[in-house]
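Participant: Going line by line, the protein sequences match chains A and B. End of the first sequence = 439 in this note's numbering, gap-free, step of one. End of the second sequence = 1439 in this note's numbering, gap-free, step of one.
Derived from the structure by calculation, the hints contain no laboratory data. Treat the hints loosely; a few may be bogus.
Computed Cβ-Cβ distance ranges for the label pairs, DEER-style [unchecked claim]:
1) I1390/B with G290/A: 53 to 61 Å
2) R1182/B with G290/A: 22 to 30 Å
3) T377/A with P1289/B: 37 to 45 Å
4) G1353/B with T34/A: 44 to 52 Å
5) A267/A with P1012/B: 33 to 41 Å
6) Q1346/B with D266/A: 48 to 56 Å
Listed next, the in silico EDC-like pairs over lysine to aspartate or glutamate satisfying Cα-Cα at most 20 Å (straight line) [claimed, not checked]:
7) K133/A with E1332/B
8) K1133/B with E332/A
9) K109/A with D73/A
10) K1133/B with D331/A
Don't be surprised by glycine CBs; every beta carbon is placed ideally from N, CA and C.
Protein chains: 2
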Amino acid sequence: MSPSPAPTAPRPPLRVALAGIGVVGGGVVRLLETNRDLIARRAGRPIEIVAVSARDRHKDRGIDLSPYRWEDDMGALVAADDVDVVVEMVGGADGPALTLARQTLAAGKALVTANKAMLAHHGLSLAQLAEEKDTPLKYEAAVAGGIPVIKAIREGASANAIARVYGILNGTCNYILTLMEREGASFADALTAAQAEGYAEADPSFDVDGIDAAHKLSILAALCFGTKLDIDTVATTGIRNLIAADIREAEALGHRVRLIGMAERDASGLYQKVQPCLVPADHPLAYVPGALNAVVAEGNFVGRLFFEGAGAGAGPTASAIVADIIDIARDEYGPAFAMPVEALDQAPAADAGARVGKHYVRLVVEDRIGVLAEIATAMRDAGVSIESFIQRGDEEGGGVVIALVTHEGPARAIDAALDTLAASDHVVGAPMHMPILAL
Amino acid sequence: MSPSPAPTAPRPPLRVALAGIGVVGGGVVRLLETNRDLIARRAGRPIEIVAVSARDRHKDRGIDLSPYRWEDDMGALVAADDVDVVVEMVGGADGPALTLARQTLAAGKALVTANKAMLAHHGLSLAQLAEEKDTPLKYEAAVAGGIPVIKAIREGASANAIARVYGILNGTCNYILTLMEREGASFADALTAAQAEGYAEADPSFDVDGIDAAHKLSILAALCFGTKLDIDTVATTGIRNLIAADIREAEALGHRVRLIGMAERDASGLYQKVQPCLVPADHPLAYVPGALNAVVAEGNFVGRLFFEGAGAGAGPTASAIVADIIDIARDEYGPAFAMPVEALDQAPAADAGARVGKHYVRLVVEDRIGVLAEIATAMRDAGVSIESFIQRGDEEGGGVVIALVTHEGPARAIDAALDTLAASDHVVGAPMHMPILAL
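Next comes chain A alone, as it looks inside the complex (with noise of 0.2 Å):
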């Protein structure tokens, strides 16, 4: 037998700077505190905390920063000699985030951020910067929170061409709509309800209207089909104009209703869109209930991979931060889109119209002769083929409620048909389709 190799000297600690120390800051810390040993293992050498920087130094976190170094300037973490990795959890797609990503990947440190924002926007020259300097950019909390799905696609699914990406990417919609669901709630009441638990900030729009999870299907939409991030061809419609009425006609079609973020790559292009869906019951994003998130990846040999976890929060979102800060600490880490930015495709949008499916359709419409007429013949005119046609007499959002289910045909048959019947007297208020997820 060959001897054993000489014990290899124990490597130095791994030293990190936390920029910005709110509720996922204090997570952080909390977290390298509580699991220092087990991480040390694991990582094969200690993780310390060095320096940390925040706006006010005498805010009470709930956390005892004293045995680390303050600074009230955030770029002296990126010039301190004893900083190995610079965690940016001061939020912001611009600004003073992006100037210490800047900073800090400039001067050959390693980025760990959770910020989507600036990743959907300007994740590429970060990703290139990280290149240059032949650092690493590392985002697993950016993207479903605590769910390492970063990594689960970077490399669990590496070896597979992905047909599609998709999930519940936003937490504060997820729980909305899990109420809506549970009690027959108004999109209004349940949007109170979830501010009051603190599930949704005092303006929701950046979560209701789905800009949150657009930023996420971005980054997602890059790593799986390795093409250049492109936030600007995200559609994006949020959840504020779900009724009760859809809901319940959902539920009783089987399927639930779930804010779902999608990206294919098609002939055409790249599709990316973020939209309510009805999702069938017999679909694993069907039982996602409150303000976890999941995503499914479908790939050519391993077939479809479905992800659930705590999207949000500060443990799991710590838990994503100091995983990445192991990865950097083991050395295991590569470009941050799995590839470098010169070998991703520049994708041109996809022809989202041309897309066929199902679709449901909502209408409000007044209580008179002709009205239902006047949707068929829409429909008609437009080329679309109903499946189904429900008009049980309920009243909401200032008329009577009418849904539909169409035949499959393509999504721009819909529009027109939608457009048509927007424009009419007796349709009040616009007109809801969602796609019916196709398994």
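Starting from the structure of chain A, add chain B where the hints point.
Facilitator: Below, chain B without anything else, positioned relative to chain A:
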């Protein structure tokens, strides 16, 4: 701005040899051919099969192996100068697979294996050898097929102390249970159907007796808890003793029956058990249908992570094997069980009898006076408190079916009561009990 660094030289191809070309081996060949260019972009270098070896050169495998050098002797794959990675798909805990694995690592070459039996029995010594030689030992395909759960736990959840890991680790059993559920079939009929459809082997014992799941569980436990692999202390109960009434009663109680492998490290030691359980309808494991696998890991910061996908089959298994190869191509690998073997704890087996929970108990009894009193007395004498008791008069298995659910109590009390009842002349066959999965 700093100038771009000089372009680095392209990395040489990673050269792979395949040992054992059955269904999975064929899948690996097809995958590496089909996704060749994509994989090269993601891996940063081409991945090339250079040699293959299997028992019968002339067997029709439906794939063209002529581009690859054939070796009758697997050992030649290890000896060849042009092989960097050996993929072991021979199977079996010992024998030729183990010899090949040891030779590969001893030669300082990378080993990729899907062989859970070999890892469960020899994983520690193989990991030790890999460390001594500083060469990768990767085994994503050994647990839960295409689901990248080894990576998700080893790296994605690496920041967490894991409280419990559990899941559906055998697709054959889940397929049978799903058939019993959907069609009210007996175990025997469902097994026959599964065999006819290729989901179960002619000799199904390895799957239906829980041995395969036990192998996988022992690997997950080592990875989650930083303990030395210990297959010998995995207690295993398969699904043979389930009757149709069990599935029906579980459903009536709002549960589904699943074969669950669960590991937990408690104060007394390491608990590892494979057994049928009642899974509550609001747990995602209740919705895992057919031959799918699913794994749950509960981390102290991330909370509950849930992963689902195909647990077997050529495509999914090849996906996992090639993901390992891509990691090796990227030089992203570390100790097989997340930390060096010498850092793994030797945990004693936990006191399984002390575990507290609710149980489902089912007996088949002779329909005569006094049987109920006998059951109630045995339960009382053992200190088991009964929450609900069901006797619908259904006959199955040569008698009348009685099902009951206990209040929370130690497993040891249930065992004692059932030992008493098993000895009764009025109880037909072995009593069945299943823990109710606690959320």
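Participant: Against each hint, give a clear statement of whether it holds in the structure.
Facilitator: Hints versus structure:
1. I1390/B with G290/A: 53 to 61 Å: Hint violated: Cβ distance 32 Å, outside 53 to 61 Å.
2. R1182/B with G290/A: 22 to 30 Å: 28 Å, holds
3. T377/A with P1289/B: 37 to 45 Å: 42 Å, holds
4. G1353/B with T34/A: 44 to 52 Å: Hint violated: Cβ distance 31 Å, outside 44 to 52 Å.
5. A267/A with P1012/B: 33 to 41 Å: Holds, since A267/A and P1012/B (Cβ atoms, about 34 Å apart) stay within the stated range.
6. Q1346/B with D266/A: 48 to 56 Å: For D266/A against Q1346/B, whose Cβ atoms are near 54 Å apart, the range 48 to 56 Å holds.
7. K133/A with E1332/B: Distance ~19 Å between K133/A and E1332/B Cα, so the pair holds.
8. K1133/B with E332/A: Satisfied, since the Cα-Cα distance of roughly 19 Å is no more than 20 Å.
9. K109/A with D73/A: This hinted pair holds, its Cα atoms lying about 17 Å apart.
10. K1133/B with D331/A: 18 Å, holds
Comparing the model with each numbered hint stated earlier shows that hints 1, 4 do not hold.
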